[in-house]
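Visitor: Chain A is fixed; fit chains B and C onto it per the hints.
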Amino acid sequence: MSEAKHDFALIGRPLPKVDAWAKVTGETRYADDLVLPRMAHAKLLRSPHPHARIRRIDTTRARALPGVFAVITGQDLPPVKFGILPVSQDEEALCRDRVRMVGDAVAAVAAIDEETAEQATELIDVDYEVLPALMSIEDSLAHPEVRIHEYGDGPNVHKVVGLQFGDVEAALAGADLVREDVFFYEGNTHLPMEQHAAVAQWGADGKLTLWSSTQTPHYVHRLLAKILDVPAAHIRVIATPVGGGFGGKLDPFAHEIAACKLSQLTGRPVKITLTREEVFYVHRGRHPVLMWMKTGFTRTGDITGCHLKTWLDGGAYGSYGVASVFYTGVVNPVTYKIPAYRFEGARIFTNKPPCGPKRGHGTPQPRFALECQLDKAAEQLGLDPAEMRRRIVAEPFTKTANHLTITTIGLEECIDKVVDASGWRGKWRGWGGGGTSRERGGLEGTGTAGARKRGIGLACSAYMTGAGTAIYWNSMPHSGVVLRADRSGGVAILCGATDIGQGSDSILAYLPAEILGLLPKDVHVHPADTTLTPVDLGSYSSRVTLMCGMAAIQAAERLKRVIAEAVAQKLGVAPDQLVFRERKVGVPDDWDKALPFATAVELGEARHGVLAFPGSYAPPRRAGKYKGGGVGPSPCYSYSACVVELTVDEDTGEIDLHDVWIAHDVGRALNPLLVEGQVEGSVYMGIGEALMEAQVFRKGLHKQPSMLEYKSPTTLETPEIHTILVETDDPEGPFGAKEAGQGPLLPVIPAIVNAVYDAIGVRIDEIPVAPEKILKGLELKRKGQPPRVGPERIPLFTFKAPIVVESAFGQPADAVARRPFADENER
Amino acid sequence: MMRLPPFTYLAPATVGDAARLMAEHGPAAMLVAGGTDLYPNMKRRQFEPRVLVALGGIRELRGVSGSARDGLRLGPLTTLTAVSRHHEIVRHYPALATAAGLVSSPQLRNVGTIGGNVCVDTRCNYYNQSQPWRKAIGFCMKKDGDICLVAPGSSRCWAVSSSDTAPVLWSLGASARLVGPGGERAIPLSALYRDDGIEYLAKRPDEVLAEILVPPADGWRSVYLKLRRRGSFDFPVLGVAVALRLEGDVVRDARIVLGAVASLPREAGPAAAALVGQRLEPDVIGRVADLAAGPARPLDNTDYAHYYRKKMTRVFVGRALRRLAGLEGDGRPDEEIA
Amino acid sequence: MLSAGEFRDPARRPPKTRLGLTINGEACEVLVPVHKTLLEVLREDLGLTGTKHGCELGECGTCTVLVDGVPVLSCLALPVELPGRAITTVEGMARAGELHPLQEAFAELGAAQCGYCTPGILLTAQALLDEMPSPTRQQIKDALAGNLCRCTGYTKILDAVELAALRSGARR
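Top line first, the protein sequences correspond to chains A, B and C. First residue of the first sequence: 996, per our numbering; consecutive thereafter. First residue of the second sequence: 7, per our numbering; consecutive thereafter. First residue of the third sequence: -2, per our numbering; consecutive thereafter.
Isolated chain A (complex conformation) (with noise of 0.2 Å):
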């Protein structure tokens, strides 16, 4: 396939997605349209209190509501704590002794239907002892005396980690600017549009079987095992085609565990479908994250070295914590020559809702910090923020400061390519805004032209494809397939990966046919069942068009082999003489003799039995040989640039956003109108975080658990998105593919901030950038203050001594490194 790579008849070509058709019509069946026969319905009682002990939980009026069919507590439930991670196993389905949220489930109920299940959970009493809440990082590590949690690396502090490559003090000391920032990221919440809904069915075989809008029915399916006592092999679970992810489906949560539980009970499937407000309490979204930044730079813009510091708000539970901890750290080093680097964080909990992993997860917010503090620095030197950031791009094929292989970089490319599309050189400065004084006079405050600022602002990022770690250790593959040939003519592939929107069922049908010269449609796709499907890991970390691409690609070269060994036998020719096209195997020369796809198989299948070929895959062991190395490893690294042009009112503080261009550095786009959509869906969700989005809570509660009051940006905050997608062609990804949906968030939001500056002259070091802000910066500006919007103070808290590894800053990436259930003539 080597050779031929650049003559493909599927791969690059903007084809509809294989689900497309079911979708505009309404017929894709979502976990809450699935309707069983006998099916009761299911609610969660759940907790008023952010943090509480349980005296007493009575159901016996629940049970006495006629149509009521089961209620349950955590006294039902097998005495085990979970959690998504092995290291915080810190979560009850059931909140047994103690609550530590308000959305913290007490109970369920399964009855006739909704309403009555939920009058039923009105009538449930529970006998609260209310404990202080901790709200803040600063009350938790305020009261060591109240503990959320019993474990972790202090009181309230969940995860600690200080890592240092190099020595970073020498490194600023040789600086010729040092910068020392703080700023904050605000948390805020995936909101797919599809409630979390799931349906079990336990049947009168002893065998469950759970529906569910999950990203990782995997994950879901081994805690379930342990969560209900049940052997793994009596459990099925399904993830049903979800209505958005972003994330937020990535746990197990207490609604399927509840449901499964209630079906036991009842011998009925039990559907349970969260409301609006329920999803905002399930969360596991973006942590809110304080963050100190130390950079030194030359004159020439050149960093000397890094020094990061991070203060994660994780909410109640530890969920994917520990990694997000991590990756607030471990993947800024890719982006650009940072030869040392050190970086400390820890995450407190609170009793709010867990966060967890959101779009991005845990790289958002450090992000944020660099590339403004970048846009700081390149002001002090006197240089172009683009042509700085150029200079300083990492080299591809090399290792950063904390050992982190980095295969292509099309970043020049990219930075090159939005300038160039943005005007930027035209632009940047053009408006006159940033730091220069204007007088307004008497106007001022009414509604001058004056008021309307345009600025234009540019930054970069990078993300990982793929974690190069499974969540609970293993030599397993990360992502299998079985492709079997049919008969027919078509092709059946079973992959344990699940469609979330991305497209992943679409990417396993193209790759096969790509490879077998079939159409996509004569591929059948059946994914995400844990009981027909091979392992995949979940639609989480960009891992899945990589990771079950390889893999389908492996199967279908596998498949290829037998196919053309019994076609060549049949035409008298040598199998590498076969090509596989339209349908058809032959030879090019002698076409008309080639067989059809159908024939070929039943050779095949004839010579070989039945034609069932495994794929497998599991990414290159590049761990770093230090505790935590391995976080941050990936088999490549996507990069994108962004530059967003906008106005600034300035008696408003109102943004209006006119055009973002961001080029995306893929490896190779599959399908380009794919990897559009999730360049520009991510950055519309940067949007939204820059501007407006935010999960705040206030007097223990959420806010505002609403879509009407948590505010998702419409089409009329939406600007024109420019997406230029860049290709790299990575020998890591499949046909040189890399990841999309997740890294074009991540420049957005500092590129937001930048442009701002460009446009009024005030720096906000916090997110979002509400008109307040805006508004109290100007203010500072007229006052001849440091216009300068952002938190003023790190909280007090030491860090213990960093474990110190030696930086591995250009060293050469390993010759690519071996996979580890790689055939011999895959590169």
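These are computed hints drawn from the structure, not numbers from a lab. Beta carbons are placed, not taken as given, at the ideal position from N, Cα and C, and that holds for glycine. Careful, some of the hints might be misleading.
Unchecked claim - Keeping only pairs whose Cα atoms sit at most 30 Å apart, straight-line, the calculated DSBU-like set for lysine-lysine is: (1) 1221/A x 1622/A; (2) 316/B x 1771/A; (3) 1795/A x 1622/A; (4) 1422/A x 1371/A; (5) 316/B x 1076/A; (6) 1622/A x 1371/A; (7) 316/B x 1776/A; (8) 1289/A x 1371/A; (9) 1579/A x 1516/A; (10) 1694/A x 1771/A; (11) 316/B x 1221/A; (12) 1565/A x 141/B; (13) 1698/A x 149/B; (14) 1620/A x 1795/A; (15) 1289/A x 1771/A; (16) 1620/A x 1289/A; (17) 1076/A x 141/B; (18) 316/B x 1778/A; (19) 1694/A x 149/B; (20) 1622/A x 1076/A; (21) 1776/A x 1371/A; (22) 141/B x 1694/A; (23) 1289/A x 1588/A.
To be verified - If you want the footprint, here are the derived chain C segments under chain B, 3+ residues with CB under 8 Å: (24) 81 to 94; (25) 154 to 166.
Guide: Leaving out everything else, chains B and C in the frame of chain A:
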């Protein structure tokens, strides 16, 4: 799924029948037109009427008649979409068309009515929450409780008037005809509202808003500006309605009415008075904007910080006047300014 | 446990009303309590699960259907008010096996990612094109301002509506 609580649905054919049914069922009954405000509130159990008296089938409540020269009669069932597109309104009462067209979302305006928007429930972000949420924080006096969570020492409710069209109709000098079981009365729209977050309407529960009467346009020019975070869905967190008549380039009459700064639309009388006899020049505009911002007392119970909403009152009044003066640079997208 | 007799006790369950509705051109009859919204009746009584829900409070546009060609939030509509009105759901957009030009364009341009908001957006766009065959991009944005989408950044949705409008124009 959020669901409605059960109720009995009554569909009278006349306004008189509707008023009688309301009187008959007393506090258990509520009127409903489009339902776009009531049904979400019912799903959150802010209201739990046992009887709904639906106005949708009453012919006499439909339609727009009259003209800008003689005055307009708005049937309260006229949808907000229809108001925003009605030729005579767009041309002669542009602020009203603008305000109606800025309510929530297109779908909601297709069903939501002008009468419903005039009578829309006051809002507060401690109140417009689900029943479990309100229970968790402690019920407030507007529903099931006895304190105000925004101003805990207060003996009254501070929920915010959140109508877009009410400030405009008030500024245009509109009046309302109310029909009750014992008869009917016409009151200025300004008299329809009370300064109380709970009892925010001076209309008795058994009175039906039967007509909205807008006086002849007669040289009045009008503007409505709305502050909110998004261009769609969001209720106003500040509305500024200005109507004025010029004689040459001198202001002869003026009314300025602020929305979403109190429990009722708030008329900025002194500010309007300061305009009369003046030319719309920058220094006058600045002074009037200062005066108008005076009566705005937003509290921290909507989107955006209350101090910001207060500050924006001045900016928005200034912008509204500049727009009416034909001065350039309003700085807002056209669709928010008529 | 509720006995069947108890469950059918009219004193305990809200009374049901028999309603004749016209949905996607087909007359149908339902027996439902009056407080059940159109959204619930479509999904739970008629099996028309193509209509989705995101908040049930009128705050997201996901449940949009057409009533007499006008986009309406089915979560806030009562079936009791709809006899004699023509209700269109996403299942009714295709005619005799032929997809609506909007459906074709959405599929071809990747305008549906997770697909959950898609039915509501398709119907809102259909009403727009019926009223305004050649809308500008801004007019499309205005028309779709009541439909939230979290996947697409709206870009491909706007593109698809433009494409469908162009094709329909060319066909006329």
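Visitor: Can you confirm whether the C-alpha distance between residue 316/B and residue 1778/A stays at or below 30 Å?
Guide: 21 Å, holds
Visitor: Between residue 316/B and residue 1776/A, does the CA-CA distance stay at or below 30 Å?
Guide: 21 Å, holds
Visitor: Keeping to a limit of 30 Å between CA atoms, is the pair of residue 1565/A and residue 141/B held or broken?
Guide: Between residue 1565/A and residue 141/B the Cα gap is close to 77 Å, so the pair fails against 30 Å, i.e. violated.
Visitor: Is it true that the CA of residue 1694/A sits at most 30 Å from the CA of residue 149/B?
Guide: 19 Å, holds
Visitor: For the pair supplied as a hint, residue 141/B and residue 1694/A, is the alpha-carbon distance within the 30 Å limit?
Guide: 13 Å, holds
Visitor: Take the C-alpha atoms of residue 1579/A and residue 1516/A, compute the straight-line distance between them, and say whether it is at most 30 Å.
Guide: At roughly 15 Å apart (the allowed maximum being 30 Å), residue 1516/A and residue 1579/A satisfy the hint.
Visitor: Given the hint that residue 1076/A pairs with residue 141/B, test it: the Cα-Cα distance must not exceed 30 Å.
Guide: 29 Å, holds
Visitor: Compare the distance between the alpha carbons of residue 1694/A and residue 1771/A with 30 Å, and conclude whether the hinted pair is satisfied.
Guide: Cα-Cα ~25 Å, so holds.
Visitor: Next pair to validate is residue 1622/A with residue 1076/A; report whether the Cα-Cα distance is within 30 Å.
Guide: Since the Cα atoms of residue 1622/A and residue 1076/A sit roughly 26 Å apart, the hinted pair holds (cutoff 30 Å).
Visitor: Compare the distance between the alpha carbons of residue 1622/A and residue 1371/A with 30 Å, and conclude whether the hinted pair is satisfied.
Guide: Given pair residue 1622/A, residue 1371/A is violated - Cα atoms ~34 Å apart, limit 30 Å.
Visitor: Does the structure keep residue 1698/A and residue 149/B at a Cα separation of 30 Å or less?
Guide: 18 Å, holds
Visitor: CA of residue 316/B to CA of residue 1221/A, is that 30 Å or under?
Guide: 55 Å, violated
When the structure is compared with the earlier hints, violations turn up for hints 5, 6, 11, 12, 23, 24 and 25 and for no others.
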